[in-house]
Amino acid sequence: MKKAFFYKEWIKTRWFLLAILIGGILVEIYLFLKLGRSFRYAGHEHLWDVIVNRNQFMFHTLKYFPILAGLLIGVVQMIPEIVEKRLKLSLHLPLYESKSITLMVGYILIILISIFIISFITLILGAAIYFPLEIIKSIAITVLPWYLCGITAYLLVVFCCLEPLWRRRIINILISVCFLGTYFLSSVPGAYSKNILTMMIIPAISFLLIYLSVFRFKTGVQTN
Amino acid sequence: MKQFKHINKVILVIMILGLSWLLPQIWHLITDKATRYPFTYFSSVNHTFCTLEYEKEEFIRKDAHGNTYTEEQWDSILPMFSFRQLATDGLLPDTLNGIALSVKDIRKTNYYFRYKPNELFSPSIPLYPLFESMSGRVDLEMPGDVFRVTKDGVEFINPKTNKINFTKSLKYSKSLLDKGFGGPAKWVAGSPTTRKSYDEGYFILDQNSRLFHFKRVNDKPFVKEIKIPENIDPIFMKTTEYGDKRFYGFVISSDSKLYVISCNKYKFINIPIRFDYKNDNIMLMANLFYWNMGITTDSGKVCYAINTNDFSLVDTLKYHKEPNKMAEASKYFLPFSLKFKSYKSNYIKPRFSAVPLKYMLVNLFFVILLVLLKPIRKQKPTPLAIIITLITGIYGLTTTLLLKL
Chain A
0 MKKAFFYKEW
10 IKTRWFLLAI
20 LIGGILVEIY
30 LFLKLGRSFR
40 YAGHEHLWDV
50 IVNRNQFMFH
60 TLKYFPILAG
70 LLIGVVQMIP
80 EIVEKRLKLS
90 LHLPLYESKS
100 ITLMVGYILI
110 ILISIFIISF
120 ITLILGAAIY
130 FPLEIIKSIA
140 ITVLPWYLCG
150 ITAYLLVVFC
160 CLEPLWRRRI
170 INILISVCFL
180 GTYFLSSVPG
190 AYSKNILTMM
200 IIPAISFLLI
210 YLSVFRFKTG
220 VQTN
Chain B
0 MKQFKHINKV
10 ILVIMILGLS
20 WLLPQIWHLI
30 TDKATRYPFT
40 YFSSVNHTFC
50 TLEYEKEEFI
60 RKDAHGNTYT
70 EEQWDSILPM
80 FSFRQLATDG
90 LLPDTLNGIA
100 LSVKDIRKTN
110 YYFRYKPNEL
120 FSPSIPLYPL
130 FESMSGRVDL
140 EMPGDVFRVT
150 KDGVEFINPK
160 TNKINFTKSL
170 KYSKSLLDKG
180 FGGPAKWVAG
190 SPTTRKSYDE
200 GYFILDQNSR
210 LFHFKRVNDK
220 PFVKEIKIPE
230 NIDPIFMKTT
240 EYGDKRFYGF
250 VISSDSKLYV
260 ISCNKYKFIN
270 IPIRFDYKND
280 NIMLMANLFY
290 WNMGITTDSG
300 KVCYAINTND
310 FSLVDTLKYH
320 KEPNKMAEAS
330 KYFLPFSLKF
340 KSYKSNYIKP
350 RFSAVPLKYM
360 LVNLFFVILL
370 VLLKPIRKQK
380 PTPLAIIITL
390 ITGIYGLTTT
400 LLLKL
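For the record, the sequence lines run as chains A and B.
Quick note, in numbering that gives the first Met the number 0, the first sequence goes up one by one and the last residue is 223.
Quick note, in numbering that gives the first Met the number 0, the second sequence goes up one by one and the last residue is 404.
The hints are simulated quantities; they were obtained by calculation from the structure and are not laboratory data.
One should not assume that every hint holds.
Within a straight-line C-alpha distance of at most 27 Å, the following computed DSSO-like cross-link-like pairs (lysine-lysine) qualify [what the hints assert, rightly or not]: (1) Lys98/A / Lys217/A; (2) Lys159/B / Lys136/A; (3) Lys115/B / Lys244/B; (4) Lys178/B / Lys219/B; (5) Lys62/A / Lys338/B; (6) Lys214/B / Lys173/B; (7) Lys219/B / Lys136/A; (8) Lys338/B / Lys115/B; (9) Lys62/A / Lys340/B; (10) Lys217/A / Lys377/B; (11) Lys244/B / Lys178/B; (12) Lys193/A / Lys237/B; (13) Lys266/B / Lys223/B; (14) Lys223/B / Lys150/B; (15) Lys136/A / Lys237/B; (16) Lys87/A / Lys403/B; (17) Lys193/A / Lys348/B; (18) Lys217/A / Lys403/B; (19) Lys8/B / Lys98/A; (20) Lys107/B / Lys264/B; (21) Lys115/B / Lys136/A; (22) Lys115/B / Lys317/B; (23) Lys136/A / Lys348/B; (24) Lys403/B / Lys379/B; (25) Lys150/B / Lys136/A; (26) Lys193/A / Lys115/B; (27) Lys32/B / Lys136/A; (28) Lys185/B / Lys193/A; (29) Lys193/A / Lys340/B; (30) Lys338/B / Lys32/B.
Model the full structure from these sequences, guided by the hints.
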């Protein structure tokens, strides 16, 4: 049953997951080409100086990759389930509903987190060629909330899509916008360094919220 | 699956927190007003505070005694502020308070210093360029490497190769260790810019709270331990490198006191002002005779005139912040707020603040409103809805209405 579940999700999302992986690689290639040009134009010492003393961050473009990836994969996984009412079928399989949804979401989460880890490690290893540990730490702590945002974005899309009522779905969308907004409150590198734990709690809460939507979907809530 | 029903309560909490984040922000967007205090400068002629205010589309210049001045008179009573204009008009006095005046001397002693709490509460990358302090050149030059402070001294890293220069690192570390340095640093203070007239290197507080002056002189390390008076726990330092070369910098201690470190034997001199380093801004406009210090707090601004020579307090002037009635009004219907950003810190983190409990009596009004809305909602409010509205006021009421509790 599990294998069949994974296969179904694989058929549905494989090309988009591949697109996200390629997109991530292209973003990083672009970032390092841009970094190389900056080194050629400004010189190594000057670039280090603006990073250290003027709070310049060289990888701002990366900010939008995880959130876009999370939103995209959430939409391509969930929209067919809702439009074609396939979810009803999935939830009527001889498997606990919570288990079914955990398998569906877990499958994407594992792949998405893997892509993000590859992207994160590539970035850090690439940056380690040019920068010392102190700058690497600053880069890591700055981009980490963006990846957490990508995971949260995916979970919140599922949370919103599975909600059966439009009225409540709008409330869920507003909650999601607030949640995602908290990841983009500052452009100062390292601004979230004292708050990484809270930023990790948000995806955990978002994961829980999915089960509320499934519960409401399963019980056929009609009024509130 | 039934156990997930309780996640509905999580939504409730999330919505209340979300509203306590959004509604106060929206209210501030609509009602915030800038607080403007008159420009205040202590006259070295009248020896009193003089103010410049923009009122009804004209500038009002007056002193603390209520005398008003024309622009020209204003220039003449504040020669340290208007020296360029006076010099251009040929009106700069030759001597003042028994001291001969020259534009060069005035320029040298006219300097500014600012402190904002977000300078202290800000992420930073602990790498520093160590300039050559005695290059013999007029302009400072970038050194070609940066250093980090480690447990065993310092390490110089070349940006071109991203590799450590071990020979140089060893040489400079040895000097530090010979003086008893115990790394890594608690903090490092310095001005990592070539846009200054000279370089005094860095001040490093080690793990044992010993302060070291560290610089590069003729390509050799210069290390000097600075004796910190017993009662001072320095938490922040900002170096100055001003033209008059009287001080190395300003030091803030954990009990919110401000000191300067004198170039004369590294003496710590207390500046007689009151402030809170976590909340207040400091602005200094120094001149040959007085230091004009403005401390801006949440409740107003206090201006201090301090004698430049002996740092004695000469005069103070207080401005009270006019209460923003709209902000005051919000206390009645916004019982608490959640903020992630603060102008006092560059860190993003959740910050809760609540109004005193007496204001929460207004929440009763929201409960009554909830009960009165029964015919429109076509449902009786649940005990949970009443309780959360009673505790969280408008946030609870809005959540209740949206979730149809």
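So, going through the hints one by one against the coordinates:
{"no.": "1", "hint": "Lys98/A / Lys217/A", "verdict": "13 Å, holds"}
{"no.": "2", "hint": "Lys159/B / Lys136/A", "verdict": "19 Å, holds"}
{"no.": "3", "hint": "Lys115/B / Lys244/B", "verdict": "24 Å, holds"}
{"no.": "4", "hint": "Lys178/B / Lys219/B", "verdict": "15 Å, holds"}
{"no.": "5", "hint": "Lys62/A / Lys338/B", "verdict": "22 Å, holds"}
{"no.": "6", "hint": "Lys214/B / Lys173/B", "verdict": "14 Å, holds"}
{"no.": "7", "hint": "Lys219/B / Lys136/A", "verdict": "31 Å, violated"}
{"no.": "8", "hint": "Lys338/B / Lys115/B", "verdict": "19 Å, holds"}
{"no.": "9", "hint": "Lys62/A / Lys340/B", "verdict": "19 Å, holds"}
{"no.": "10", "hint": "Lys217/A / Lys377/B", "verdict": "26 Å, holds"}
{"no.": "11", "hint": "Lys244/B / Lys178/B", "verdict": "25 Å, holds"}
{"no.": "12", "hint": "Lys193/A / Lys237/B", "verdict": "23 Å, holds"}
{"no.": "13", "hint": "Lys266/B / Lys223/B", "verdict": "13 Å, holds"}
{"no.": "14", "hint": "Lys223/B / Lys150/B", "verdict": "18 Å, holds"}
{"no.": "15", "hint": "Lys136/A / Lys237/B", "verdict": "25 Å, holds"}
{"no.": "16", "hint": "Lys87/A / Lys403/B", "verdict": "26 Å, holds"}
{"no.": "17", "hint": "Lys193/A / Lys348/B", "verdict": "7 Å, holds"}
{"no.": "18", "hint": "Lys217/A / Lys403/B", "verdict": "20 Å, holds"}
{"no.": "19", "hint": "Lys8/B / Lys98/A", "verdict": "22 Å, holds"}
{"no.": "20", "hint": "Lys107/B / Lys264/B", "verdict": "21 Å, holds"}
{"no.": "21", "hint": "Lys115/B / Lys136/A", "verdict": "25 Å, holds"}
{"no.": "22", "hint": "Lys115/B / Lys317/B", "verdict": "19 Å, holds"}
{"no.": "23", "hint": "Lys136/A / Lys348/B", "verdict": "19 Å, holds"}
{"no.": "24", "hint": "Lys403/B / Lys379/B", "verdict": "10 Å, holds"}
{"no.": "25", "hint": "Lys150/B / Lys136/A", "verdict": "18 Å, holds"}
{"no.": "26", "hint": "Lys193/A / Lys115/B", "verdict": "19 Å, holds"}
{"no.": "27", "hint": "Lys32/B / Lys136/A", "verdict": "39 Å, violated"}
{"no.": "28", "hint": "Lys185/B / Lys193/A", "verdict": "18 Å, holds"}
{"no.": "29", "hint": "Lys193/A / Lys340/B", "verdict": "12 Å, holds"}
{"no.": "30", "hint": "Lys338/B / Lys32/B", "verdict": "19 Å, holds"}
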